[in-house]
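Protein sequences, first through last, are from chains A and B.
Take 1 as the starting number for the first sequence in my numbering and just add one per residue.
Take 1001 as the starting number for the second sequence in my numbering and just add one per residue.
Any given hint might turn out to be false.
Listed next, the in silico DMTMM-like pairs over lysine to aspartate or glutamate satisfying Cα-Cα at most 25 Å (straight line) [said to hold, decoys possible]:
#	chain 1	residue 1	chain 2	residue 2
1	A	Lys281	A	Asp261
2	B	Lys1121	A	Asp223
3	B	Lys1087	A	Glu36
4	B	Lys1095	A	Glu161
5	B	Lys1070	A	Asp334
6	A	Lys75	A	Glu36
7	B	Lys1095	A	Asp223
8	B	Lys1084	A	Asp144
9	B	Lys1087	A	Asp334
10	A	Lys46	B	Asp1081
11	B	Lys1083	A	Glu161
12	B	Lys1115	A	Glu138
13	A	Lys47	B	Glu1149
14	A	Lys7	A	Glu114
15	A	Lys146	A	Asp223
The set of hints was computed from the structure by calculation and includes no laboratory data.
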Amino acid sequence: MVNSSFKISKNAWFNKEGPESDVVISSCINLKRNIEGIVFPEKMDKKDSDSLFDEVLKAVENMYGFSFYHLNNLKIIERQILAERNYITPGASLGGEQSILIKDNEEILVIFNETDHIKIKSIKSGFNLRKAYNCCNEFDNIFDGKLKFAFSPQFGYLTSELSSSGTGMNASVMLFLPAIKRAGKIDKALAEITRSGLAVKGFATESNSCSSGDFLGDLYIVDNRFSAGRSEEDIIIQLESITDIIMNYEREMRNRVIENDRINIEDEIFRAKGILENCRKISITEAIRHISSLKLGKYYNLIDKNITYSQLNCLLLQIQKSHIKSIQDNSDEDISRAEYIRNNLLRNK
Amino acid sequence: MRCDICGNNRAIIHIQQIARNEEINMSICEKCAKEKGLTINNTELNVNLKSLLKNFAEIKRAVTKKDHVKVCYVCGKTLEDLKKTGKTGCPECYKEFSRYITSFLMTNTGSSEHKGKYPFKINILTQRMKKINNLQSLLNKALKNEEFEEAAYLRDKIKLMEKQLEKDG
């Protein structure tokens, strides 16, 4: 069952156009499960990790249309690609006996032995939490039939972190909020989200550390901080309703900022377009900033109609360090990145 | 099972002392055993009764000293560590530290009760348990009203269901 040659899908979830993708880039559900009678990965010794692995093999046998890898058998760059796609936690991929099961279209994946024995993960393009949950739930039911999960009627599913016990579910959406930011309302909006019991963090790549409210590319990730005390349905409903509010607020702000400051916004978008289509060398930070501007331009219908939201979202993912390196092993990452972006944007013309 | 002294390694030596109706059980890992003077050859414990007795008191002290620090007996996680990191070490921690975990969840989520999905098998079992409880209250009611025929029928039904439940685990 274990695959040794690594293949990564070019036609995965991020290539699909999702609902509300002008604001919501992606929706993600994680379900954490552990097997009864085995200590959690933090406390594991060789014997525990072997018996976990036996259970894992039991769970993944006879599954078709999937690839199954040991992370330790993968090259560093391959592990980094998985981390850049947010499938595994960077750093956690080093050492330990972790393995990953990936569906060929990357619609669903299962990570074994990270912080918990099993993490079922589904990412969908756009605002699509329910579809992602259904995918995870279906998989959870399959495993439920094959394995015995650690569960208590009082605490629900028992997980290594208290914050994820209960349903074991972490639901998140990645939001693109450039107009709230430009209108100077971002800190207030983020505080509002936090007050409702959800957590917000910025999306920032490895090389960047950003201060609060000023995240790279105006990308924010909102998730439920605690998974206990409520049902899966209630957690999703809460996240959906908060996302709805922010989404409408962001669109309102988009209409307002263009009214108030058309010349500067247009200037920023056309400059971004000029740079991305013509540059010969570009860093990841600069690229993310300009791609974000293009996305805003798409909303205002200022850029080529053939360029889609999913194409731009996909670009955000694929210009990361290891992705670029895997496509073109040029010694200078920035040169390869500029070339990749140019080809990608100009292919529609 | 983890070592009672260090709480980290797997225990390989188990000592039981019975004196004046009092039973003391201790489990010790290889490393701690060596430190406390119990020598171990590659395959068998070098049973030197004299040295064992000599060191016994010291081992006992080491174990009981550890007692006031609350430790999960399966994985060796301490309550202090759980409070600091919010991370448990194994499923058993939830039983061991249930008081702390209940209050933690109460403060952070407003509820310490699980309201979500159940694993399929447990779901069926809890439903059946609920059914038995319902029948039990019906039985009590019947007895109170002196409806003995009904009571006998309910009693047999409960017995049958309990037997089935036990069989299915």
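We went through each hint and held it up to the structure:
| no. | hint | result |
| --- | --- | --- |
| 1 | A:Lys281 x A:Asp261 | 30 Å, violated |
| 2 | B:Lys1121 x A:Asp223 | 30 Å, violated |
| 3 | B:Lys1087 x A:Glu36 | 17 Å, holds |
| 4 | B:Lys1095 x A:Glu161 | 15 Å, holds |
| 5 | B:Lys1070 x A:Asp334 | 54 Å, violated |
| 6 | A:Lys75 x A:Glu36 | 32 Å, violated |
| 7 | B:Lys1095 x A:Asp223 | 28 Å, violated |
| 8 | B:Lys1084 x A:Asp144 | 32 Å, violated |
| 9 | B:Lys1087 x A:Asp334 | 40 Å, violated |
| 10 | A:Lys46 x B:Asp1081 | 23 Å, holds |
| 11 | B:Lys1083 x A:Glu161 | 11 Å, holds |
| 12 | B:Lys1115 x A:Glu138 | 19 Å, holds |
| 13 | A:Lys47 x B:Glu1149 | 57 Å, violated |
| 14 | A:Lys7 x A:Glu114 | 21 Å, holds |
| 15 | A:Lys146 x A:Asp223 | 30 Å, violated |
The structure fails hints 1, 2, 5, 6, 7, 8, 9, 13, 15 (numbered hints given earlier, in ascending order).
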